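**Q** Sequence:
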Amino acid sequence: MRLRDENSEHRRCVMGSNLSVEFFAKQFDRQIAEQEYRLNPFEQWTLPHLAGRVLELGCGLGNLSIEAARAGHEVTAIDACPDAVKDLGRRAQAEGLPIRVVEADLAEWRATDTYDTVVAIGLLMFFPCEDARAVLQEIKHAVAPGGVAAVNVLIEGTTFMEMFDPEGYCLFPPRELEATFADWKILLASIDDFPAPGEKIKRFATVIAQRP
549 MRLRDENSEH RRCVMGSNLS VEFFAKQFDR QIAEQEYRLN PFEQWTLPHL
599 AGRVLELGCG LGNLSIEAAR AGHEVTAIDA CPDAVKDLGR RAQAEGLPIR
649 VVEADLAEWR ATDTYDTVVA IGLLMFFPCE DARAVLQEIK HAVAPGGVAA
699 VNVLIEGTTF MEMFDPEGYC LFPPRELEAT FADWKILLAS IDDFPAPGEK
749 IKRFATVIAQ RP
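Numbering (the numbering used here), first residue to last: 549 to 760.
Among these hints, one or two may not hold up.
Said to hold, decoys possible - Mimicking DSBU-like on lysine-lysine, the simulated pairs with C-alpha atoms at most 35 angstroms apart in a straight line are:
hint	residue 1	residue 2
1	K733	K750
2	K688	K748
3	K634	K750
4	K733	K748
5	K748	K634
6	K634	K688
7	K733	K688
8	K750	K688
Simulated from the structure, these hints should not be mistaken for laboratory data.
In this text the structure is predicted, and so the values were computed from the model without any measurement.
Whenever a hint applies, use it, and build me the whole structure from the sequences.
**A** Set out below in structure tokens:
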């Protein structure tokens, strides 16, 4: 995994032809400009399950990481977008929060440590399915015994495709997350539709599960 911390040389949030990263770079720039830092519904569902050392993969602007650190958790937050990483580092420093902020290509991420909570909300669908499933297995490996994973993906039935790079994305089968965590205690499992521009929908699956 290629890592660069939040003080590394600034570059644009576009990697090659990755339209997904470019899509979110624009969104993050707008949210930073407007100081829009509220939790999305999936982050709100995850918040009560955070415990101990927290790893957030694909943290974006890091709103959940900020709340976790405010609650006293030691947090590692990783994202591919330099602007988001830089902004999160600035916010964490301003509040004196214990957040390690890292810029990384998460398609190459592999677990080298264990955490009490691992979160990947709205991340895995932006990789080719083979890579997405490999990272999903790494998430399981990264959760300590008794710890929790919170994972959220777009699934089949999604009709809003503008944020995807046509060279690589994955719409998961509806129950794949539940099946992946079938050997864990499922704390929450949900499938939800959200409206998108052009009378289209985003269909999400969310699973929060506790490792035995």
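**Q** Would you list, in rising numerical order, the hints stated earlier that this structure does not obey?
**A** Violated hints: none at all, because every hint is consistent with the structure.
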